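Peer 1: Chain order of the listed sequences is B and Z.
Per the working numbering, residue 41 is the first one in the first sequence, and the count goes up by one each step.
Per the working numbering, residue 424 is the first one in the second sequence, and the count goes up by one each step.
The hints are simulated quantities; they were obtained by calculation from the structure and are not laboratory data.
Treat the hints loosely; a few may be bogus.
What the hints assert, rightly or not - Residues from chain B that keep clear of chain Z, each with C-beta distances beyond 10 Å, as calculated:
no.	residue
1	Y88
2	N92
3	P94
4	F105
5	P124
6	Q144
As the list claims (entries may be wrong) - To spell it out: a stretch of chain Z is covered by chain B in this simulated footprint if at least three of its residues, at any positions, have a beta carbon under 8 Å from a beta carbon of chain B; those stretches are:
no.	stretch
7	459 to 469
8	513 to 525
Said to hold, decoys possible - Listed below are the simulated DSS-like cross-link pairs for lysine-lysine, each with C-alpha atoms no more than 27 Å apart in a straight line:
no.	chain 1	residue 1	chain 2	residue 2
9	Z	K480	Z	K491
10	Z	K517	Z	K480
11	B	K108	B	K118
12	B	K64	Z	K499
13	Z	K491	B	K108
14	Z	K504	Z	K491
15	B	K108	B	K64
16	Z	K480	B	K118
17	B	K118	B	K64
All values derive from a computational prediction rather than experimental measurement.
Where is the CB? At the ideal position from N, CA and C, for every residue including glycine.
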Amino acid sequence: DAGVIQSPRHEVTEMGQEVTLRCKPISGHNSLFWYRQTMMRGLELLIYFNNNVPIDDSGMPEDRFSAKMPNASFSTLKIQPSEPRDSAVYFCASRSGLAGTDTQYFGPGTRLTVL
Amino acid sequence: GQNIDQPTEMTATEGAIVQINCTYQTSGFNGLFWYQQHAGEAPTFLSYNVLDGLEEKGRFSSFLSRSKGYSYLLLKELQMKDSASYLCAVRDEKLTFGTGTRLTIIP
Numbered sequence: 041d042a043g044v045i046q047s048p049r050h051e052v053t054e055m056g057q058e059v060t061l062r063c064k065p066i067s068g069h070n071s072l073f074w075y076r077q078t079m080m081r082g083l084e085l086l087i088y089f090n091n092n093v094p095i096d097d098s099g100m101p102e103d104r105f106s107a108k109m110p111n112a113s114f115s116t117l118k119i120q121p122s123e124p125r126d127s128a129v130y131f132c133a134s135r136s137g138l139a140g141t142d143t144q145y146f147g148p149g150t151r152l153t154v155l
Numbered sequence: 424g425q426n427i428d429q430p431t432e433m434t435a436t437e438g439a440i441v442q443i444n445c446t447y448q449t450s451g452f453n454g455l456f457w458y459q460q461h462a463g464e465a466p467t468f469l470s471y472n473v474l475d476g477l478e479e480k481g482r483f484s485s486f487l488s489r490s491k492g493y494s495y496l497l498l499k500e501l502q503m504k505d506s507a508s509y510l511c512a513v514r515d516e517k518l519t520f521g522t523g524t525r526l527t528i529i530p
């Protein structure tokens, strides 16, 4: 099992540019989560999908952030335009179901630096 | 909403035992998770509690008291590789994470 796959692993961009982060969940998992982690705020849930449908996007910081899941094997998180305060590690995680014991498996993360 | 508190940093000695506490106030509760995160890596699952009591898994154990909004992670026979951050997370419909406890193991 390849686990959750994220790309790119590192991204350095300039303020105002569009950034697209990609995630491939574990095959067969039907829930997908996007998190952001910073030293100051820890690990924050941005949005999650169940069966490709966004369930809760209350953690998305503002309209500059958008996420899509066009099919069960792919999701994107887009920031447009990017700002220096968006610099963080962005994790994607997937889970096989909504039962309480189902564990979330995290991808390796994308380290984003906005200059 | 969810409010989760855990100590920011702890230090312990190789071979010893350490207990990392977590308290929470939540609007709903469907289980408490502990994750381990080494520097520069992704969080990995350690344990899950939904009923009161102790869950043991090798050198690691996790305890839950729902009435007190309290959990702890107990690590025994500490090894240098246990140096990491330990994240407490409470699940309602989604997981809400605490800010993590950075544990440093010294020889």
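Peer 1: Mind verifying the non-interface call on Y88/B? Its CB should be farther than 10 Å from each CB in chain Z.
Peer 2: 6 Å, violated
Peer 1: Are all beta-carbon distances from F105/B to chain Z longer than 10 Å?
Peer 2: Consistent with the label, F105/B stays out of reach of chain Z, its closest Cβ about 17 Å off (over 10 Å).
Peer 1: Does the no-contact call for P124/B survive, Cβ to all of chain Z over 10 Å?
Peer 2: Holds: least Cβ distance 21 Å, greater than 10 Å.
Peer 1: Within 27 Å, alpha carbon to alpha carbon, are K504/Z and K491/Z?
Peer 2: Violated: K504/Z and K491/Z sit about 31 Å apart, past 27 Å.
Peer 1: Holds or violated: are the alpha carbons of K64/B and K499/Z at most 27 Å from each other?
Peer 2: Violated, at about 36 Å.
Peer 1: Would the hint linking K118/B and K64/B be met if the CA-CA limit is 27 Å?
Peer 2: Distance of about 15 Å is within 27 Å: holds.
Peer 1: Is it the case that Q144/B keeps its Cβ farther than 10 Å from each residue Cβ in chain Z?
Peer 2: Answer for Q144/B: violated, closest chain Z Cβ roughly 7 Å.
Peer 1: Mind verifying the non-interface call on P94/B? Its CB should be farther than 10 Å from each CB in chain Z.
Peer 2: With a cut-off of 10 Å, P94/B remains clear of chain Z, as the shortest Cβ separation is near 12 Å.
Peer 1: Are the Cα positions of K491/Z and K108/B separated by 27 Å at most?
Peer 2: 39 Å, violated
Peer 1: With a cut-off of 27 Å on the C-alpha distance, tell me whether K480/Z and K491/Z pass.
Peer 2: Holds - the C-alpha atoms of K491/Z and K480/Z are around 23 Å apart, at most 27 Å.
Peer 1: Does the alpha-carbon distance linking K480/Z and K118/B stay inside the 27 Å limit?
Peer 2: Distance of about 39 Å is beyond 27 Å: violated.
Peer 1: Between the alpha carbons of K517/Z and K480/Z, is the straight-line distance 27 Å or under?
Peer 2: 24 Å, holds
Comparing the model with each earlier hint shows violations of hints 1, 6, 12, 13, 14, 16; every other hint is respected.
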